[in-house]
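*Asks:* Sequence:
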Amino acid sequence: MSYEFKQELKLTQKLLLTPQLKLAIRLLQLSRQELVELVREELEKNPVLEDGRLDADEVPAPESRTVEMEWQDYLEGLGDYTVRAGLGSIDNSDEDYREGLLERFSSSETTLKEHLMWQLNSSSLNEREKKIGEFIIGNIDEDGYLRMIERGGMDDETYRDATIKEIASSIGVSTKEVEYVLDVIQEFTPSGVAAVTLKECLLTQIHQKSIDPIAASIVEGHLEMLAKRDYKGMAKSMGVDEEEVVRGARLVSELLNPVPGAGFGRDEARAIVPDVYVYKVGDEYLVVLNEDGLPKLNISSYYKKLVDNNELATKEVKEYIKDKFHSAVWLIKSIHQRQRTLKRVVESIVRFQREFLDRGLRYLKPLVLSDVAKDIGMHESTISRVTTNKYVQTPRGIFELKYFFSTGVSGASGTITPEYVKEKLKEIIDAENPANPLTDQQIVEKLKACNITVARRTVAKYREELGYLSSNRRKRP
1 MSYEFKQELK LTQKLLLTPQ LKLAIRLLQL SRQELVELVR EELEKNPVLE
51 DGRLDADEVP APESRTVEME WQDYLEGLGD YTVRAGLGSI DNSDEDYREG
101 LLERFSSSET TLKEHLMWQL NSSSLNEREK KIGEFIIGNI DEDGYLRMIE
151 RGGMDDETYR DATIKEIASS IGVSTKEVEY VLDVIQEFTP SGVAAVTLKE
201 CLLTQIHQKS IDPIAASIVE GHLEMLAKRD YKGMAKSMGV DEEEVVRGAR
251 LVSELLNPVP GAGFGRDEAR AIVPDVYVYK VGDEYLVVLN EDGLPKLNIS
301 SYYKKLVDNN ELATKEVKEY IKDKFHSAVW LIKSIHQRQR TLKRVVESIV
351 RFQREFLDRG LRYLKPLVLS DVAKDIGMHE STISRVTTNK YVQTPRGIFE
401 LKYFFSTGVS GASGTITPEY VKEKLKEIID AENPANPLTD QQIVEKLKAC
451 NITVARRTVA KYREELGYLS SNRRKRP
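Residue numbering for the sequence shown follows my numbering, starting at 1 and increasing by one per position.
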């Protein structure tokens, strides 16, 4: 069999994104503050750019008839236990049981991922195992739990096995390798991190701290009874005195941390600065972009003269200035395009949600990205980018743009949004008798009386999203 070299011509079409188009796409996703920071960085790096607010020389803004930039066309190608609720607490003044409390809080100067990656890189694992470790750490949530798949109705053991299989399948390694690396990571600090279930998290801490076996017995088989503070039931089931159960429950409550990631990488409270304002003027709504603090970019007249005059600069200098000039012009055009696109999207949302702005939450309409995309003649991906991490101030308050997009829930009076259902659910729970809280089924009936028909599991889902416990855990004397 012989081999030979050949040359042949082949004509193909490829989608290529130039650096300029990538910048235009990136600008769409930036929030107002991020845009301001990017512009300030460019002002420092590009001598051709000037802040028009600080200089009298201004160039006219691009004309409104400018054709939509070509990047628009390119885009078209493109039941675990509630951890945060805690495990219940027992009033106790004995300081001996509070020794472990300091472990519940860690320095907020670093994120949980950074803390774990530092330990991973310092470990004795080989490079392949560290790659597995990076993937595992990347899927640990802010609470410190390893979350890869939906739990559904799986028990603890099945859920853990399914999680390990999913990791192994995702990165093409064996389940034994994943189990080994996971065991190593679970020895890291904070204690209990990278657990798949609450039980595993607490048992890991009990093992590492050598806590009394009574605590392990409670965690192993009676977590639900512990959450209900059913000490008599636990004592009867375990065949021990109630006092011993209370002591074990106190150990669990005081020395174990159900949220090992607490204190790491939490977002600090910050004031929201809207990207867009919506004002009501007469019977119409006016959309105004928030450009406070955003530098007004211009091209420096000094450098323009250098390029135009043959005697003022060398060829190399002129080439450098021309390159910076083109970058500056593209940045200015891209920012203007971003601002026009953002305004058009918000104007479309206002048209769709006019009744909400006029009459309140009950009239918030179901809306999807394709509705707005079709309305203003853009691609859905563009709408998705524009509405990411941006806020609008309206007469009804400040909302993230994503807030206005949701699917509908059928009601007796028509289709309503999940946000309205959650608001009614919140009102019902807030008005209930604390000594006799409403069950999910009773809430279903209450909502039905308000012409809202939803399933009990939907009520349970919305209740958990709002941070409310189940009825037996909300009960107060």
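These aren't lab readings, by the way, just hints derived from the structure by calculation. Please read all numbers here as calculations on a predicted model, not as lab measurements. Any given hint might turn out to be false.
To be verified - List of simulated lysine-lysine pairs, DSSO-like, C-alpha gap at most 30 angstroms:
1. 475 <-> 426
2. 280 <-> 304
3. 318 <-> 402
4. 448 <-> 461
5. 130 <-> 232
6. 343 <-> 113
7. 315 <-> 343
8. 318 <-> 280
9. 280 <-> 305
10. 176 <-> 228
11. 475 <-> 424
12. 343 <-> 402
13. 446 <-> 228
14. 176 <-> 113
15. 333 <-> 318
16. 448 <-> 165
17. 304 <-> 22
18. 461 <-> 280
*Asks:* Evaluate each hint against the coordinates.
*Replies:* Consistency of the hints with the structure:
{"no.": "1", "hint": "475 <-> 426", "verdict": "holds, 16 angstroms"}
{"no.": "2", "hint": "280 <-> 304", "verdict": "violated, 44 angstroms"}
{"no.": "3", "hint": "318 <-> 402", "verdict": "violated, 46 angstroms"}
{"no.": "4", "hint": "448 <-> 461", "verdict": "holds, 17 angstroms"}
{"no.": "5", "hint": "130 <-> 232", "verdict": "violated, 47 angstroms"}
{"no.": "6", "hint": "343 <-> 113", "verdict": "violated, 37 angstroms"}
{"no.": "7", "hint": "315 <-> 343", "verdict": "violated, 42 angstroms"}
{"no.": "8", "hint": "318 <-> 280", "verdict": "violated, 51 angstroms"}
{"no.": "9", "hint": "280 <-> 305", "verdict": "violated, 46 angstroms"}
{"no.": "10", "hint": "176 <-> 228", "verdict": "violated, 37 angstroms"}
{"no.": "11", "hint": "475 <-> 424", "verdict": "holds, 20 angstroms"}
{"no.": "12", "hint": "343 <-> 402", "verdict": "holds, 15 angstroms"}
{"no.": "13", "hint": "446 <-> 228", "verdict": "holds, 25 angstroms"}
{"no.": "14", "hint": "176 <-> 113", "verdict": "holds, 23 angstroms"}
{"no.": "15", "hint": "333 <-> 318", "verdict": "holds, 22 angstroms"}
{"no.": "16", "hint": "448 <-> 165", "verdict": "violated, 42 angstroms"}
{"no.": "17", "hint": "304 <-> 22", "verdict": "holds, 26 angstroms"}
{"no.": "18", "hint": "461 <-> 280", "verdict": "violated, 36 angstroms"}
Violated hints for the displayed structure, listed by number in ascending order: 2, 3, 5, 6, 7, 8, 9, 10, 16, 18.
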